[in-house]
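Enquirer: Now for the letters of each chain:
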Amino acid sequence: MSEINPLVERELRSRMRGPRAYITITGFLGVISLVALLLYLSTAGQSGGDANAGPEIGRLLFWVITIVGLVLVALITPVFTAGSIVGERERQTLDLLITSLLSSRQIVLGKLVAALAFIAVLILSIAPIISVSFMIGGVTPGDVIVAFGCLAATGLFYAAIGLFWSSIARTSIAATTLALGTIVMILLGVPFVVVIVGITVSGRELPEWLGHPAAITVWALIIDSHPFVALALSLEHLAAGGDLWLQPVSSGSPLALVEPDGPVTLPSPWLMNLLVSLGGAALLLRASARALRPTDRRP
Amino acid sequence: MAIVTTHELTQQFGATTALDRLSLEIPAGAVYGFIGPNGAGKTTTMRILTTLLRPTGGEAHVAGYEVTRDPAAVRAAVGFMPDSFGVYEGLRAWEYLDFFGRSFRVAAKRRVALVDELLELVGLAHKRDAPVMSLSRGMQQRLSLARAMIHDPQLLILDEPASGLDPRARIELRELLKELGAMGKTIMISSHILTELAEMCSHIAIIERGRLLVAGPVERIMRSVQAHRVLDIRIVGDGAAALAWLRAQPAVRAAELMPGDAPDRDTLTADFDGDDQAQVALVRGLVAAGIGVLSISEARNNLEEIFMRITEAAP
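One line per chain: the protein sequences are A and B, in this order.
FYI, my numbering numbers position 59 of the first sequence as 59, with every residue one higher than the one before it.
FYI, my numbering numbers position 70 of the second sequence as 1070, with every residue one higher than the one before it.
These aren't lab readings, by the way, just hints derived from the structure by calculation.
The structure presented is a predicted model; accordingly, all values stated were derived computationally and were not measured.
Each residue gets a CB set at the ideal place from its N, CA and C atoms; glycine is no exception.
Be a bit skeptical, because a hint or two may be false.
Some chain B residues near chain A, calculated using beta-carbon distances under 8 Å [unchecked claim]: (1) T1051; (2) L1053; (3) G1058; (4) R1075; (5) A1076; (6) V1078; (7) S1084; (8) R1234.
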């Protein structure tokens, strides 16, 4: 039987022995619990004993917890991975790894899986808090799939961003700054592009090719690359009784800049976000592996 | 058979030439001292041989594999100990070795026994469960050496292993390396502390400003640097008479009388310009002349002296 990647075991062993992991989990759950409690108290107070308010409160609680969780995952994940490879360089252990028989892919995947395993612990640790919203009601299995899909996709993609900068930066501080900078660019840049495009096209005659399914798909990928936008669009889509997996694009949809050429159906926003995240992560991981052992590349 | 061969190995860093057409051979089983001042190109050579650096020119083979074409095969053949000890927080000594054993694909069954065997070899069996961070610098160096041997490599490359060690740790490391040399391991070792290399090396190479000045078996290099030999003769009796007799011998270029360790004992140092037969005749002559010879030994030339002579003579 083949053994588990040694880096994964070593990383988890080292991480869970120190106090940092427990402080992180406690802080993460503390923030989410506090938000959930404040939200519950304010909404329960406003409903004034309305028996029908339960499902609404439950649904609101669920989505707010998911959004807070997403914010924390978006910030914590790249910080974890940004220090991983460059940290080996700073500890002067990277040469030892590079001269071992671990392949570059194994090193990068080992670092990624170790970080994601910890992120998975964080995400799963929300379950008891989220279950409160299940008890109140209003949350569907589709909501749960969308929420955990977006959390997992964001965790993976942002971990890969951190890992990429970690493989080329010279210090942990530089790698962390660049990783967080990239994520801020994505989180602010996508809405900025959408707003600019919206202003630019407003009231103008646009070329017909923008109604082609391929152009609509590219535009959807850009919009849905933003996890919060994808989450919000999915939420809206589900609340309107839409399908969990597919979304039709019709005239007037934010995805259609002009009248579509014909009926266009795309994967749901959260699935589009998952696709962008998987593709982006694959590219970044490949680039990280190549950056790790530049000597193995033929000039 | 050579385990390492380099041919015209060159490394440029921008306008700086770190290695200038370096060609050397390390025979299997040799303890190969790689000597040179700071910036001579020792670490650069070692980094190329361990696949950490791609040479800008020339070729290097380790265990028959070219370092740029078969890096994975080279890594399997080499155990590398860099000049700094990489620390992993939160790992115990056995876990540290076990991790690298797994990284070198040592089978799980073999690994358990191997970790204990290596800890025993480097004298750290009693520190098996100690956190790596708690070990002294000398212990960390020995643990690092055990790590380098975890996959039973054909060649050990040790970059300044004694650097930063206290005298006791240095002696312990030197004894360990001598033991490994006696076990038949091929070891390439760089150091600034030449007296330590002199005791353990079978071969040396002296490098300066990226160029190889001299390389080969220690004895041959010593003879090529100094054709004559220095004899230390300890005697009982009249030192002045013995000195006069020695100075009268045609093969003795110079002789000196040194104070002995007891009132009636003296030590004579003779700069002798003869071969083995002439040395035998000299010993017989000393005895025949009635000089009370306690011992006679050939003084081993100081490696530092050789290094200074060779580097001074270099253009």
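Enquirer: Each hint needs a verdict: does it hold in this structure or not?
Expert: Outcome of the hint check:
{"no.": "1", "hint": "T1051", "verdict": "holds (6 Å)"}
{"no.": "2", "hint": "L1053", "verdict": "holds (6 Å)"}
{"no.": "3", "hint": "G1058", "verdict": "violated (14 Å)"}
{"no.": "4", "hint": "R1075", "verdict": "holds (5 Å)"}
{"no.": "5", "hint": "A1076", "verdict": "holds (6 Å)"}
{"no.": "6", "hint": "V1078", "verdict": "holds (7 Å)"}
{"no.": "7", "hint": "S1084", "verdict": "holds (4 Å)"}
{"no.": "8", "hint": "R1234", "verdict": "violated (49 Å)"}
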